[in-house]
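If you want the building blocks of each chain, they are given just below.
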Amino acid sequence: MAVQLDSLVQGEGSIVSRELFWRPDIYELELERIFAKSWAFLCHESQIPNKGDFFSTYIGEDSVLVVRQADGSIRAFLNVCRHRGMKISTADEGNVRSFTCTYHGWTFDLGGALVSVPNIEKSFNGRLRTEDWSLQPVSKLENYRGLIFGNFDPEAVSLKEYLGDMALYLDLLLDREGGTEVYGGVQKWRVQTNWKIPAENFVTDGMHLAPTHTAAVLALAPEEFDVTKVPGFGTSTYFTSTGHGGVVNDADAESQRRGLNAMLGPALAEYYYGLAERLRPKYGAMASYVHNIGSATIFPNFSWLAGRQTLRVWHPKGPQETEVWTWTLVNSECSEELKKQQRRTSVQTFGPSGIFEQDDAENWSQCTATMRGYVGRKLTMPYLAGQDNGDAKHPGKTLSAGNGGASEGAGRSFYRHWLQVMTSRGR
Amino acid sequence: MASTVQKDEALNAIKSGEVADNFRSAVENFYFEEADLLDQFRLRDWLALLTDDVIYRIPIRVNRTDRGRSVTEVSDTDMLLDEDKRGLTQRVVRLETGRAWAEEPRSRTRHLVTNVRVRSVVGGNELTVSSNFIAYRNRLEIEQDFYVGTREDVLRLDAGRFKIARRLVILDQTVLTAKNMTILF
Ligand code: FES
Ligand SMILES: [Fe+2]
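Read top to bottom, the protein sequences are chains A and B. So the first sequence is residues 1 to 427, counted in this note's numbering. So the second sequence is residues 428 to 612, counted in this note's numbering.
The set of hints was computed from the structure by calculation and includes no laboratory data. Values in this document were obtained by computation on a predicted structure and should not be read as measured data. Some hints could be false.
Quick look at which bits of chain B chain A covers, simulated, 3 or more residues with Cβ under 8 Å [stated by the list, open to error]: (1) 484-492; (2) 502-513; (3) 598-610.
By construction, the Cβ of each residue, glycine as well, lies at the ideal position given by its N, Cα and C atoms.
All chains should be built: construct the whole structure from the sequences, respecting the hints.
Here it is in structure tokens:
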């Protein structure tokens, strides 16, 4: 039975069926129409500095190797041997001269070309042309200020065009004197939830900050911190027409400063306030984004938190399972002490042991578990917040004001775009 | 408390290098008491078992290949958890708020500690000890997680009692299969 997608997202993204988060046939279509055709964040260039360094990741459920070449360039290909489909590398990362398949010993060079096949003359008698069996490349690869993105779709628009106005927010995350680097590895863990639930949380959900995270705020806050003014009660969202967007915190400047102080410690918080001043001539009022306690998602599944500078990918692992990968991004100009502090606070607050994210994972997995029931699965969910508030409280380009409450504007945009790509890209 | 050891006895044991068998049972008793506190969520009492300068870390493990050699690396910079006493206390405060949803209602946990080995004596009043553990977490209806690994501790004798001065928890997973880590090991 063909999937009837149109009826699942209604009212310009303001009413969404819970079937989106459960049905295996929808998930299969997502692998085809979203993940095989979208730009995906693969890794940071600092993770693979030397010739032969590689990092293993996924685009959708496709295993992908990102490899530093002899000439310093970066290439990426499917981690699938062209003979019988064994993984070319089972490591998470490492350094190699070439990739030799453990099954029948075919060897591929760093660029993915098949360079040797054991006993090739006797076995194949000229019928196997090695040039026909290179590793399948990721069709397009781009480096955006140190972040490596890949896309399997040879027809895909450029990353710049794909990002559109969202590039501004990525610039505010990455435009640093001396660049940025990943500090301290990749945390990986499984959450029993559909990938869109966390992606949506980061794109639009300011509404959950106070109710979900009160315990974490209370734990971090110094005694004098006024918990009735927990940052997050007022949030707006910004978004593009292509599903990207994020949450900006509308709390007054004083509360925000105290919030960032409690989360990052005074030294690092002050660094970000200083950084904002240095970025102000170039970015104007938007420079404050670097210390705003907000979140963002680039469609479909790459998210980050400004200030806290944790990057994450919500890897889909089936309709009800997500593998979360997080990186801590540090600014190269920072002292080793500040870098350590950035990493320490990002691990303390986010990640599997993070005092904020523990509770997110609990909510997301329970939201998914309730879709097991046939009746519960047929319900719809409202994304109505902030619909009447109008725009332009923040200086970002497209936004939906929270007006002191929360806005789900970027969520509506996320699901509008989801429907658009799911119905227009086809068979 | 069973983990109390006579200071002189302990110091003599350390000095004479007899840190193995009879000393191990005191360490084991200490660990069994500690596991019990964790399982009962008596976390303030657990905090009292830590020195003020405690460092508690859980590194990320990575499947690596280096020029053909495969290793599972335990990083000394990449962490799943990296706390001092203040951070650990904040975690306890968080649970005490009654609003830490990942532990409301509380999980049922069981910490099993085995393979205790006293490795060495450091500076006259510290022991390095390794132990293995399984921490089982059962939650709500049928949710269950196993956190399995090894611990490398530095135990310091403080007024005749052990306190944990360093703990390195090495889990046996590269991808955590649990949705979060709400408990400590
Ligand atoms: S599957 Fe790789 S060589 Fe046969
Ligand atoms: Fe959250």
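Here's how the hints hold up against the structure:
{"no.": "1", "hint": "484-492", "verdict": "holds (count 6)"}
{"no.": "2", "hint": "502-513", "verdict": "holds (count 8)"}
{"no.": "3", "hint": "598-610", "verdict": "holds (count 9)"}
The structure meets every hint from the earlier list without exception.
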